[in-house]
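With chain G fixed as given, assemble chains R and C onto it according to the hints.
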Amino acid sequence: MNLRSWFLVPARLTIGLFFAAPLAIVCGYSLLTRGDYGGAERPWTLENYTRLADPLYAQILLRSIAMAAAATLLCLVLGFPLALFISRAGKRKNLYLQLVVLPFWTSFLVRTYAWLFLLRDTGLVNTLLARAGLIHHPLALLYNNGAVLLGLVYGYLPFMVLPLYAALEKIDPALLEAAADLGARPLTAVRRVIIPLSRPGIVAGSILVFIPCLGAYLTPDLMGGGKTVMIGNLVQNQFTTSRDWPFGSAASLILLAFTSLLLYVFLRRAEVR
Amino acid sequence: MKRFLSLYAALAFAFLHVPLLVLIAFSFNGGKFTVWEGFSLRWYQSILHDPQLVEATGNSIFIALASTVLSTSIGAFTAYGMWKRRAPVLQGSLYLSLVTPEIVTGISLLAFFQYIFRWLPFRLGLMTVVLAHVAFSVVYVTVVISARLTTMDRSLEEAALDLGASEWTAFRRITLPLLAPGIAAAALLALIVSFDDYVITSLVAGVDSETLPMVVYAMARRGANPVINAVSALIVVLFGVLIVISERVREA
Amino acid sequence: MIRRRAFVLSAAASASCAFDRRPRLNIYNWSSYIAADTIPNFERESGVRVRYGVYESNEEMLAKVMTGNSGWDIAFPTHNRIQPMAKNRLLASLDHALLPNLANLENRFQNPVWDPQLRYCIPYMWSATGIVYNRAIQPAPVGWSDLWSPRWNGRVTMLDDPEDVIGACLKKLRLPFDSIDPRELEAAKQAAIEQKRQIRAYLNAEARDQLVSGDVLAAQLWSTTSQQAMDASKALAFVYPFEGYPLYADNAVILRESTRQKLAHQFLNYLLRPEVAAAIVRTSETATCNGRAKVRQTPTLYPPPDILARGEWPAVLPASAQRLSDRIWTEIKSS
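Protein chains in written order, with the numbering used here: chain G, 1 to 273; chain R, 1 to 252; chain C, 1 to 335.
Looking at chain G on its own, in the form it has when it is part of the complex (with noise of 0.2 Å):
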């Protein structure tokens, strides 16, 4: 063996032991029957994977899709400015990129309860605009969708930024003076130069965002109130309150196998353009 194969053993050995093989016993799982708290007791049934073809389910999935899919789009549009401005800020890029990333540093739940403690009836905002006299009855600004969604882009904008970003900052400035002296407005150089230009990075940060955003759980229970199930929402109730591993176990192989597909077919995609 030469020493370039030496370089991979140690990730070889990683994700065999602590990723193959845990997924592997997940595998057994799935095919178990489920034990009275919690575990997986035999005889081997394909029952917990007929039960998934049960439209609800199906219904779920769709709903998580079409959610993170929002939040993919949204952290698009809302982050892409804000990398160009980044790319674009000379000595000062580094300092903006770790202000990005500054509020990460906290708990997840911490910065989820700040949202919540900012949009409450009596939360800071509806008080603002009470007091402005713009409103007479607090708006209903929790426990909906819209809240879900403004989680999920809080949560994930930065891994949308990041790459946009390392792309963005490859561009040429050369490339749109050429272009604003061809005649191109600001606007048509960004959708004809820039945009084109940053795909990689588009693909990647979509990537970030979408995937953990299917299968996001504390989300929609904290922000949406635990009125919506999100795929995510389903694959924990079955390790916790439900008790049933294997049921758990196979709902998340196959949205295991669904990402890895969408994945697949996305990053196909990207290669052919």
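Heads up, a few of these hints could be off.
[What the hints assert, rightly or not] Straight-line C-alpha distance at most 16 Å; calculated EDC-like pairs for lysine to aspartate or glutamate:
1) Lys-91(G) to Glu-247(R)
2) Lys-262(C) to Asp-95(C)
3) Lys-189(C) to Glu-331(C)
4) Lys-2(R) to Glu-177(G)
5) Lys-234(C) to Asp-215(C)
6) Lys-189(C) to Asp-161(C)
7) Lys-87(C) to Asp-36(G)
8) Lys-93(G) to Glu-247(R)
9) Lys-189(C) to Asp-326(C)
10) Lys-93(G) to Glu-41(G)
11) Lys-189(C) to Asp-178(C)
12) Lys-196(C) to Asp-146(C)
No lab work stands behind these hints, which were simulated from the structure alone.
Leaving out everything else, chains R and C in the frame of chain G:
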């Protein structure tokens, strides 16, 4: 155009930071609930008097550092190895580990550890948490360093090899220094991911391995808690200062 | 590389135990369920080093201890998990000779339904689920059905827990709280879906702050959390629904895997001291099962016998009913 972008960026930064600023402001609130009752430092004092919080912070720092060192080394070797020659199976499984929902990673690791610990004289604890963190952060490190490698010129290392350097020397003396910024960024990411993780950690933790996010989670699920605000404020300020210092160093 | 990893691992393994030669006791409890000085005082008087860990749900604890090599000595499962745990041979039988303070337990916890001889467990804390509401809205609620009323204007929350929500629906329909009859459960589901349109959210402990601030006017909530909200706001009151309501008790158990049974008994006996129990109640603001502890008695935390008589101790659902209940819960949530 430029003015529009600056204005937009200011708004975006406000969006990212206002919730935390409000939180920090309320860490100085005298009352326990979310109604302003006057300035007070009592929540900061109670951090110091909470041995659990102090110990959990210690654990979190140890776990984050240990897993960052391990995962960054493994990830750097992996990215380099995959740059030298294709390893589709490894790459595929790395990406798969990235798309696995946290809860599934956590449960599968718990099941795995419990399975092998039937024969091994180990228990869930700090060690299993570190291993779990390494397992889920290797892929982040690999992706970031790989991105850096794709912009690198292969001919530099080839030149070194032509001049008689061994493969190891070429890696150590040529490629590694060029990779340094990428490795630093990757290590930072690994550190954040490890420091923030709750779901996987709580599942593989055992005796002696309570982390800060676990304590914060336990407090937060019982409703708004000013002690958490104080802890968060300290974390934000600490990292804010670190950022400013590193910027100064960079400029100097 | 390998050497470094071995080093980190061994350092991790030995970090905490290498420097401390005192005997150890590992205690796994719900979060916020102990006073700040409970453990230090015990360590001081017994010369034991205690490792204390917390969990957020029975399932989290069970996932860890069910293989029988978790390293924990003592845990605090809810009453309806005691029998399943005993059946799976996870619990050590208690030696009452080492627990003279058992006499301090309140009478009704001397022989509880879930473990009449206290063979495996010692009741620790208990609570109930009822309704906490804002007095400004009249008439005040008296039963679960009042949570379906339009008078709250949508400012009602229910617990984010299938057992409690479906149970409340069953009770509203005058059916048993832990029914497993599919038709009864179907009726409960309809009631829950009807209610979902007019409630604000499914919240657990988070409801407390929102009740205090006035965002929420009525909530299905645990008696202990409600008491905390009432302490913070005079406008709030609590009622035990007339249709019946669930009672829960968390119990101290010694795990069978424990190699320190004597020490574990010593700790349990220590917990049963009136002054220790009272100190814990003062911090955690819960209701203790200790009858001799001098604690604040409120009708919310310690309801009078006639109200207690309406309470039920829910059993854990059998597998098939659990599955049905999970499907119903999913349907309610995605309706």
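Taking the hints in turn, this is what the structure says about them:
{"no.": "1", "hint": "Lys-91(G) to Glu-247(R)", "result": "holds, 10 Å"}
{"no.": "2", "hint": "Lys-262(C) to Asp-95(C)", "result": "holds, 9 Å"}
{"no.": "3", "hint": "Lys-189(C) to Glu-331(C)", "result": "holds, 8 Å"}
{"no.": "4", "hint": "Lys-2(R) to Glu-177(G)", "result": "holds, 14 Å"}
{"no.": "5", "hint": "Lys-234(C) to Asp-215(C)", "result": "holds, 15 Å"}
{"no.": "6", "hint": "Lys-189(C) to Asp-161(C)", "result": "holds, 14 Å"}
{"no.": "7", "hint": "Lys-87(C) to Asp-36(G)", "result": "holds, 10 Å"}
{"no.": "8", "hint": "Lys-93(G) to Glu-247(R)", "result": "holds, 10 Å"}
{"no.": "9", "hint": "Lys-189(C) to Asp-326(C)", "result": "holds, 11 Å"}
{"no.": "10", "hint": "Lys-93(G) to Glu-41(G)", "result": "violated, 55 Å"}
{"no.": "11", "hint": "Lys-189(C) to Asp-178(C)", "result": "holds, 14 Å"}
{"no.": "12", "hint": "Lys-196(C) to Asp-146(C)", "result": "holds, 14 Å"}
In this structure, the one hint that does not hold is number 10.
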